[in-house]
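J.: Sequence:
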Amino acid sequence: MDHGSSGCVRKITSVNLDKLIHDFAQIEKKMIETAGKNNMLDMQLEKTHCLLKGMQTKEVSLKEECATLHNMIKGLQQTIEYQHNLKGKLEKIKSKNIYLSTFKDSFYIVDNKFFLIWS
Numbered sequence: 041m042d043h044g045s046s047g048c049v050r051k052i053t054s055v056n057l058d059k060l061i062h063d064f065a066q067i068e069k070k071m072i073e074t075a076g077k078n079n080m081l082d083m084q085l086e087k088t089h090c091l092l093k094g095m096q097t098k099e100v101s102l103k104e105e106c107a108t109l110h111n112m113i114k115g116l117q118q119t120i121e122y123q124h125n126l127k128g129k130l131e132k133i134k135s136k137n138i139y140l141s142t143f144k145d146s147f148y149i150v151d152n153k154f155f156l157i158w159s
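Letter by letter, the sequence shown follows residues 41 to 159 of the working numbering.
Restricting the straight-line Cα-Cα distance to at most 30 Å, the calculated cross-link-like pairs of lysine-lysine (DSS-like) are: (1) Lys103 / Lys87; (2) Lys103 / Lys93; (3) Lys69 / Lys87; (4) Lys98 / Lys87; (5) Lys77 / Lys87; (6) Lys70 / Lys87.
Source of the hints: derived by calculation from the structure; they are not laboratory data.
Could you build all of it, start to finish, from the sequences and the hints given here?
T.: This is the structure we're talking about:
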């Protein structure tokens with residue numbers, strides 16, 4: 041068809057409205073499905089975020105507990121070392137006491153003999 045003096049040809053095409061409506065409905069259905077999946081993913085993400093925050097809090101708590109236990113272990117090691125040193129000192133004192141006791145007994149015997157000689 042020729043319209044006007046400019047020489048432009050205008051083509052008129054027919055549109056299948058039923059197919060257009062069907063295709064639009066399919067696109068709309070896909071959009072709704074995608075929105076539903078996005079909502080589910082958002083809920084899973086929120087749940088995962090909450091779990092992550094909980095685990096991070098637990099991690100901080102466990103690190104603090106671990107540090108406390110390390111300090112307790114260090115304190116117990118120092119106590120054991122101190123007690124070990126005291127045990128060593130006590131053994132030295134006992135050894136000296138045995139020596140002094142033997143010396144005292146010997147001195148008493150000598151003193152008694154000396155006393156007997158002068159009596």
